[in-house]
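> Whenever a hint applies, use it, and build me the whole structure from the sequences.
So the sequence shown is numbered by the working numbering: it starts at 1 and just counts up by one.
Honestly, the hints are just simulated from the structure, not real lab data. Check before you lean on any hint, since a few could be wrong.
[Unchecked claim] EDC-like cross-link-like pairs, simulated, lysine to aspartate or glutamate; straight-line CA separation at most 20 Å:
1) K41 x D67
2) K41 x D80
3) K52 x D80
4) K41 x D65
5) K119 x D80
6) K52 x D104
[To be verified] What follows is a set of in silico ranges between Cβ atoms, one per label pair, in the way DEER data are often shown:
7) N121 x N38: 30 to 36 Å
8) A51 x G128: 22 to 28 Å
9) F120 x I34: 36 to 42 Å
10) M83 x Q103: 38 to 44 Å
11) A44 x N84: 27 to 33 Å
12) F146 x D109: 33 to 39 Å
13) P86 x N38: 32 to 38 Å
14) L85 x N38: 30 to 36 Å
Where is the CB? At the ideal position from N, CA and C, for every residue including glycine.
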Amino acid sequence: MKKLFTFLLFSGLFVGVSNTVMAQEDYQALNLAISFGNNTKIKANYEIPVAKNITVAPAVIIPLDFDYIGLGVKADYYFDSLMNLPKPWDIWAGVDTSFNVGQDNDIFDINAHVGVEYKFNSTWGILGEFGGGSASFGGIGVGIHF
Numbered sequence: 001m002k003k004l005f006t007f008l009l010f011s012g013l014f015v016g017v018s019n020t021v022m023a024q025e026d027y028q029a030l031n032l033a034i035s036f037g038n039n040t041k042i043k044a045n046y047e048i049p050v051a052k053n054i055t056v057a058p059a060v061i062i063p064l065d066f067d068y069i070g071l072g073v074k075a076d077y078y079f080d081s082l083m084n085l086p087k088p089w090d091i092w093a094g095v096d097t098s099f100n101v102g103q104d105n106d107i108f109d110i111n112a113h114v115g116v117e118y119k120f121n122s123t124w125g126i127l128g129e130f131g132g133g134s135a136s137f138g139g140i141g142v143g144i145h146f
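So, in structure tokens, the structure goes:
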């Protein structure tokens, strides 16, 4: 399982960094959030557009008790153009997975989620993400767009 996770993480990074395909809209962003669920966590991910309306994001998850660190990858599909949303709004759905290092049995988490973001300007936005799976039920945070 560790080899599969490592392969997926590096594959996502390779595809994202290659910059050969860019999304129609600018979804490149650093997202910082606090998640709620089984325990409160701080989450950070960097979204990299890989195709029209699709991003891949390496992620880091740290619980507030600092019991472990989660290293993961997230993939999202943006529905903005499909739904003809006005410019400041983003709506997406996707999956994320992480491998939690530092726990006794090194747990592998997988989740499905939906999210929404309102952008105040070209740089800042507020976001909410909700879903289910083994790691969290959702979260709230900020998006910093480049």
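> Does each hint hold? Answer for all of them.
A quick look at each hint next to the structure:
no.	hint	verdict
1	K41 x D67	holds, 11 Å
2	K41 x D80	violated, 28 Å
3	K52 x D80	holds, 11 Å
4	K41 x D65	holds, 9 Å
5	K119 x D80	holds, 13 Å
6	K52 x D104	violated, 40 Å
7	N121 x N38: 30 to 36 Å	holds, 35 Å
8	A51 x G128: 22 to 28 Å	holds, 24 Å
9	F120 x I34: 36 to 42 Å	violated, 19 Å
10	M83 x Q103: 38 to 44 Å	holds, 39 Å
11	A44 x N84: 27 to 33 Å	holds, 31 Å
12	F146 x D109: 33 to 39 Å	violated, 27 Å
13	P86 x N38: 32 to 38 Å	holds, 35 Å
14	L85 x N38: 30 to 36 Å	holds, 32 Å
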